[in-house]
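This is what each chain is made of:
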Amino acid sequence: MKRCLFILLILLAAIQTAGANDKDPNELLLAKWDAVIEDPNDPNELLQAKWDAVTKVLQSEDLDQNVKEKIIDKIISPIFDFSLMGKLALGRTHWPKLTQPQREKFTLLFAKRLKDSYREKISLYTDEKALLKPAIQNKKGVFIPMQLLSVDRKIDILYKLRKVDKCWKVYDVEIQGVSIVLTYRSQFNDILRKGTVEDILSKLEKLPTP
Amino acid sequence: MTLRRSERVFKSNGMKLFWAIVILGVLTAGCAAPEKTLSSNDIISTESLANDDFDLLEEELTTELIEISDPLEPLNRVMYHVNDGLYFWVLKPVTEVYTNITPKPAKTGIRNFFGNLTTPVRFVSCHLQGKTTVADVELNRFLINTTAGILGFGDPAKDQHGLEPPAKEDLGQTLATYGLGDGFYIVWPLLGPSTLRDSAGKLGGVFLNPIYYVEPAEIAIGISTTGFINENSFHIGEYENLKSDAIDSYITIREVYIQYRRKQIKE
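So the protein sequences, as listed, match chains A and B. Anchor point for the first sequence: position 142 equals 141 in numbering that gives the first Met the number 0, and the numbering is continuous, going up by one each time. Anchor point for the second sequence: position 250 equals 249 in numbering that gives the first Met the number 0, and the numbering is continuous, going up by one each time.
Be a bit skeptical, because a hint or two may be false.
As the list claims (entries may be wrong) - Keeping only pairs whose Cα atoms sit at most 16 Å apart, straight-line, the calculated EDC-like set for lysine to aspartate or glutamate is:
1) 242/B with 115/A
2) 167/B with 155/A
3) 139/A with 239/B
4) 138/A with 59/B
5) 242/B with 119/A
6) 153/A with 163/B
7) 139/A with 237/B
8) 167/B with 135/B
9) 139/A with 95/B
10) 138/A with 247/B
11) 106/B with 33/A
12) 265/B with 54/B
13) 120/A with 237/B
14) 96/A with 198/A
15) 120/A with 198/A
16) 157/B with 151/A
17) 138/A with 58/B
18) 193/A with 72/B
19) 202/A with 247/B
20) 69/A with 115/A
21) 205/A with 247/B
22) 55/A with 41/A
23) 139/A with 119/A
24) 120/A with 59/B
25) 139/A with 58/B
26) 103/B with 247/B
27) 138/A with 52/B
28) 265/B with 164/A
29) 103/B with 151/A
30) 67/A with 115/A
31) 153/A with 72/B
32) 262/B with 247/B
33) 162/A with 266/B
34) 138/A with 135/B
35) 153/A with 266/B
36) 153/A with 237/B
37) 139/A with 54/B
38) 262/B with 164/A
39) 167/B with 95/B
40) 193/A with 58/B
Because the hints were derived from the structure by calculation, they are not lab data.
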């Protein structure tokens, strides 16, 4: 009896793993490219590892564009606090006015938007040398400046991070002093001066994927 | 979790059945884990943040928020669309042809030449802001590059003397350090986004640009245009990139201009 059960269990396990492998062949690939972080408490190391992982994916020639996008999404998603970015982009005045379904829809659309544009931006900078500078402590988290250097140009980036459940998460990025969250906020404010939250949602929905 | 529990049981019993459970646990954990991380990327909680944190971060962001008055918005929007059209229909195609016929070293050389030529306005702005050390760097760079760099086409000041070009100062920034506000936002035909203060600065800068004194005017315009196209060839794609991110590109460009200027002024 026990022997039968044993065989049955092994069989079950085998079927399950086989099924899982069939389902998503990209999984192994994804795992291979993700960043290895030795000390997740050090935000500098976290960003450096993620940056290296993403540029490695972008530079690899044997990957399909589609697969690249998937892998990059997987690498960066854990370090971005997309829902907080969305809240901050709408701000204290507008966020409370949204109904729960509107909040959910907004957060999903905005997160997709940010991921798409992050990917597009970073693909312009793969030839640059990334230089991370020591973190600046402040009230709620840290700011980490990064410089992208090439022969022709120098681009200043500032990552703003805070700790959520013991993990560092980015809630805003400044490129050449231009904050992503604030740039979206001014656009949302402008839409809400004349229109409604639904206008924002439909505009976010209609935006073409870069 | 499953794994740890089954391990404990295994130690106490040591039966084959539990071997199987352990194996099963390992195998299922192996294929279940990635699935979990995948879905957690998609499901985003909207209540991940306590409200006092939100307040604090909001406060931090609003200190950086810059209100810009835009009384000319309807007119500015028209001008923005004119410039946008000019960019895609004239400037971009011309720049692309220029890039195709001009080798990279020549482009860099021309860029250096114009950079060197516009030293006076930066030098004067540095002095007006009391940045004498930066002014000295500008002057030394000018002297070295004009002579050893052959009229500024080379940059031996950087390559051999380690004098990196400092952050560019202009008269608009100088006026800002004197406490003059932005005034309001203006979009100029061809020249693009500006503010009242920065426009005044630009106008002053014209007189500090040696090209202004070139006669006849047609040649001066020709030289300036070359400089403009050449510089633009280093930035093709940047505007498209900003625009593709935008929900409202007019507002985006205005915001980017204002925030970028604020950074330059702070430096």
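Hints, verified against the model:
no.	hint	result
1	242/B with 115/A	holds, 14 Å
2	167/B with 155/A	holds, 14 Å
3	139/A with 239/B	violated, 35 Å
4	138/A with 59/B	holds, 9 Å
5	242/B with 119/A	holds, 12 Å
6	153/A with 163/B	holds, 12 Å
7	139/A with 237/B	violated, 33 Å
8	167/B with 135/B	holds, 14 Å
9	139/A with 95/B	violated, 46 Å
10	138/A with 247/B	violated, 33 Å
11	106/B with 33/A	violated, 39 Å
12	265/B with 54/B	violated, 26 Å
13	120/A with 237/B	holds, 10 Å
14	96/A with 198/A	holds, 14 Å
15	120/A with 198/A	violated, 26 Å
16	157/B with 151/A	holds, 13 Å
17	138/A with 58/B	holds, 11 Å
18	193/A with 72/B	holds, 14 Å
19	202/A with 247/B	holds, 9 Å
20	69/A with 115/A	holds, 11 Å
21	205/A with 247/B	holds, 12 Å
22	55/A with 41/A	violated, 21 Å
23	139/A with 119/A	violated, 29 Å
24	120/A with 59/B	violated, 25 Å
25	139/A with 58/B	holds, 11 Å
26	103/B with 247/B	violated, 35 Å
27	138/A with 52/B	holds, 11 Å
28	265/B with 164/A	violated, 34 Å
29	103/B with 151/A	holds, 11 Å
30	67/A with 115/A	holds, 12 Å
31	153/A with 72/B	violated, 32 Å
32	262/B with 247/B	violated, 23 Å
33	162/A with 266/B	violated, 29 Å
34	138/A with 135/B	violated, 38 Å
35	153/A with 266/B	holds, 15 Å
36	153/A with 237/B	holds, 14 Å
37	139/A with 54/B	holds, 11 Å
38	262/B with 164/A	violated, 32 Å
39	167/B with 95/B	violated, 26 Å
40	193/A with 58/B	violated, 25 Å
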